[in-house]
Amino acid sequence: MKILVAVKRVIDHAIRIRVKPDGTGVETANLRMSMNPFDRHAVEAAVRLAEAGQADEIVAVSIGPKAATDVLLTALAMGAHRGLLLETDAKLETLAVAKLLRHVADEEKPDLILLGKQAVDDDSNHVGQMLAGLLGWPQATFASAIELADGQATVTREVDFGRQTLRMSLPAIVTADLRLNEPRNVGLPMVMKAKSKPLATRAVAGLGIDITPRLVVETVTPPRERAQGRVVATPAEFAQAIAAEIGKMEPR
Amino acid sequence: MAVLVLADADLGRLTPATARIVAGAAELGPVDLLVDAAAAEEARSLAGVHRVLAAALPATADALAQLLAVLAEPYTHIVAAANASGRDVIPRLAALLDIQPVTDITAILGPTRFERPIYAGNATETVSDGQAKHVLSLRASAFAATVGENSAVVSNISPEVASATEVIAEVRTQSERPELSTAQIVVSGGIPLGDRFALVEDLAGKLGAAVGATRALVDAGHAPNDLQVGQTGKIVAPDLYVGLGISGALQHLAGIQGAKAIFAINTDAEAPLMKIADVALVADLFEAVPAVIAELDRLGIKR
Ligand SMILES: Cc1cc2nc3c(=O)[nH]c(=O)nc-3n(C[C@H](O)[C@H](O)[C@H](O)COP(=O)(O)OP(=O)(O)OC[C@H]3O[C@@H](n4cnc5c(N)ncnc54)[C@H](O)[C@@H]3O)c2cc1C
Ligand SMILES: Nc1ncnc2c1ncn2[C@@H]1O[C@H](COP(=O)(O)O)[C@@H](O)[C@H]1O
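Protein chains in written order, with numbering that gives the first Met the number 0: chain A, 0 to 251; chain B, 0 to 302.
I should point out that these hints are in silico values taken from the structure, not numbers from a laboratory. Where hints are given, some of them may not hold.
[Said to hold, decoys possible] In the BS3-like style, the derived pairs of lysine-lysine whose C-alpha atoms are separated by at most 25 Å in a straight line are:
#, chain 1, residue 1, chain 2, residue 2
1, A, Lys247, B, Lys274
2, B, Lys301, A, Lys247
3, B, Lys132, A, Lys90
4, A, Lys247, B, Lys205
5, B, Lys132, A, Lys98
6, A, Lys65, A, Lys247
7, A, Lys19, B, Lys274
8, A, Lys196, A, Lys65
9, B, Lys259, B, Lys274
10, B, Lys132, A, Lys247
11, B, Lys259, B, Lys301
12, A, Lys247, A, Lys108
[Claimed, not checked] Covered stretches of chain A, going by a simulated chain B footprint (3 or more residues, C-beta under 8 Å):
#, stretch
13, 53–62
14, 77–86
15, 190–197
16, 201–215
Nothing here was measured: the structure is a model prediction, and the numbers come from that model. Glycine included, C-beta positions come from ideal geometry on N, C-alpha and C.
Using the sequences and the accompanying hints, generate a full structural model.
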């Protein structure tokens with residue numbers, strides 16, 4: 000049983016980004032970068048399945064610049080067995096990422112592909128579903144529990160009304176939500192050790208996959224500033240302010 | 000221009016999101032609304048609907064995406080709500096059609112130009128989409144429903160699609176409170192509430208408000224997952240958002256940026272939510288909330 004895990008390198012989730020004054024994007028220079036938080040849950044899920052004897056190989060794949068090697072090293076330090084970097088400096092849309100991952104899936108033939116539910120930079124929440132569509136595989140998004148037995152996956156998902164449990168045959172795609180598990184922390188020694196694990200790099204350019212963007216990003220703007228608020232001294236004043244707010248509301 | 004909208008329905012009833020995304024999609028062209036047969040009558044009365052396509056809709060994303068792909072041919076735009084079900088199906092559909100989707104749209108600037116938030120709402124992207132078809136999801140919280148009567152034509156269709164996925168269990172959060180993502184008032188609680196989340200429900204009950212929670216409180220098991228507000232949870236845009244014991248992490252703020260007024264109670268005047276609040280009270284919420292409720296009673300506020 001082989002698991003493929005997709006990990007993206009993003010601006011660290013704790014950093015509050017700033018929009019470039021010329022509206023062409025966000026400032027990325029000299030910011031701390033790390034593995035997309037949801038992907039850490041995906042890697043953790045894969046490693047736990049391997050530790051439980053339910054998987055024997057975990058391949059971590061990342062698509063991006065050379066520097067994305069660092070998130071692959073993190074995945075290897077967490078317990079993945081092999082890393083694969085599809086290297087490109089191009090800005091990729093999610094459809095292109097899904098097509099590149101399909102290429103990897105066609106070659107690697109995994110039984111299960113784990114991804115994060117969304118990348119916290121573009122907040123797209125696309126790639127797992129798109130990859131499942133391209134491969135014609137069943138999908139379970141926003142997973143908070145995964146069980147494997149008899150060639151089937153049973154996955155609990157977080158949905159709008161509560162939780163839903165799906166069962167599907169493998170191969171399948173699962174995207175991780177934050178309550179799936181508690182990802183392990185890896186110290187520097189483990190990252191150093193991970194450097195001896197196999198990590199291959201291939202150029203996206205050589206794969207013959209069209210990654211030309213379909214959309215044009217015209218501008219990127221900061222959110223509107225909120226007006227200065229006021230501090231009230233007592234719960235009674237707070238309640239009166241609520242009452243005043245309700246008085247202003249239009250029916251809807 | 001012709002638009003196919005996937006209605007958002009649950010247990011045979013339209014959710015409040017449907018009327019809002021229909022109103023948004025109607026800006027793009029005449030709307031055909033694909034709906035589960037059980038909700039067809041309700042759907043034909045929605046303002047802005049040109050035609051209702053009623054079908055026994057599959058419960059899982061793989062079959063639903065397949066169905067939408069079959070129906071897609073005559074439409075320029077295919078639209079769903081940016082909620083858990085829309086987010087499940089729209090990207091899969093887009094991949095089947097070889098289209099890059101545009102999702103979580105908060106403003107429609109024209110038939111091919113859209114605004115969407117990125118980086119937890121700390122930036123907004125304006126994109127133009129020159130593809131042959133546009134596969135979109137709209138945030139219901141960003142669009143207002145159109146009021147008015149309608150009696151659109153209903154066409155029954157019987158799609159033949161198969162799912163490789165079986166739904167084996169569902170756990171539903173029971174609540175008397177309004178639906179969170181379209182509510183006019185939302186009262187949310189943070190981690191200090193612990194097992195006393197009932198206090199949030201008390202205040203919400205008084206105000207006819209929906210209840211929400213932070214990820215921290217949900218993770219701790221004190222509130223159900225579908226009440227989580229934020230980047231990973233539900234996006235709300237009420238007229239009034241009241242946050243109790245919430246620090247205002249950027250991932251939480253991502254869910255409330257559309258709120259008209261933000262009120263907060265926190266022991267820490269420096270908490271980020273207090274800094275952006277329109278009205279802030281520095282207090283222990285366990286003392287303050289009962290006093291707030293008492294004053295609302297005295298004022299005769301009841302919704
Ligand atoms: C990828 C990612 C996605 C995330 N998505 C979300 C999301 O969707 N939604 C979300 O909410 N979080 C999300 N988070 C978590 C987020 O970063 C914060 O950890 C979380 O919002 C904090 O919740 P909190 O405000 O309840 O707790 P805390 O940050 O601990 O704040 C508690 C606040 O309560 C105040 N307080 C303490 N006691 C009292 C008292 N007696 N009376 C009044 N005030 C008191 C404190 O001063 C403090 O400000 C996400 C995190 C990551 C990494
Ligand atoms: N460039 C990338 N390299 C590897 N995995 C990616 C990349 N982009 C997205 N993914 C995966 O797809 C998930 C969803 O991303 P997105 O659809 O972009 O929000 C992420 O959590 C990753 O698991």
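Evaluation of the provided hints:
1. Between Lys247(A) and Lys274(B) the alpha-carbon distance is near 23 Å, which keeps this suggested pair within the 25 Å criterion.
2. For the hint pairing Lys301(B) with Lys247(A), the CA-to-CA distance comes to about 15 Å; that is within 25 Å, so the pair holds.
3. In summary, the hint linking Lys132(B) to Lys90(A) is supported, as the alpha carbons are separated by about 22 Å, within the 25 Å threshold.
4. For the suggested pair Lys247(A) and Lys205(B), the alpha carbons sit about 17 Å apart, so the restraint of at most 25 Å is met.
5. Straight-line distance between C-alpha atoms of Lys132(B) and Lys98(A) comes to about 19 Å, which keeps the hinted pair within the 25 Å bound.
6. Among the hinted pairs, Lys65(A) with Lys247(A) is inconsistent with the structure: their alpha-carbon atoms are about 55 Å apart, more than 25 Å.
7. Our distance criterion of 25 Å between C-alpha atoms is met by Lys19(A) and Lys274(B), whose separation comes to about 24 Å.
8. At most 25 Å may separate the alpha-carbon atoms for a hinted pair to count; Lys196(A) and Lys65(A) meet this at roughly 17 Å.
9. For the hint linking Lys259(B) to Lys274(B), the alpha-carbon distance of about 15 Å falls within 25 Å, and the restraint holds.
10. Annotation: proposed proximity of Lys132(B) to Lys247(A) is violated, straight-line Cα distance about 42 Å (limit 25 Å).
11. Using a Cα cut-off of 25 Å, the hinted pair Lys259(B) and Lys301(B) holds, with the two alpha carbons roughly 21 Å apart.
12. Annotation: proposed proximity of Lys247(A) to Lys108(A) is violated, straight-line Cα distance about 60 Å (limit 25 Å).
13. For the stretch 53–62 of chain A, the assignment as covered by chain B is violated, since 0 residues bring a beta-carbon within under 8 Å of that chain's beta-carbons and 3 are needed.
14. Restraint check on the stretch 77–86 of chain A versus chain B: 0 residues with Cβ-Cβ distances below 8 Å, three needed, restraint violated.
15. As drawn, the stretch 190–197 of chain A meets chain B at 0 residues by the rule of a beta-carbon pair under 8 Å; below three, the given contact is violated.
16. Interface restraint, the stretch 201–215 of chain A with chain B: holds (4 residues with C-beta to C-beta distance below 8 Å; minimum three).
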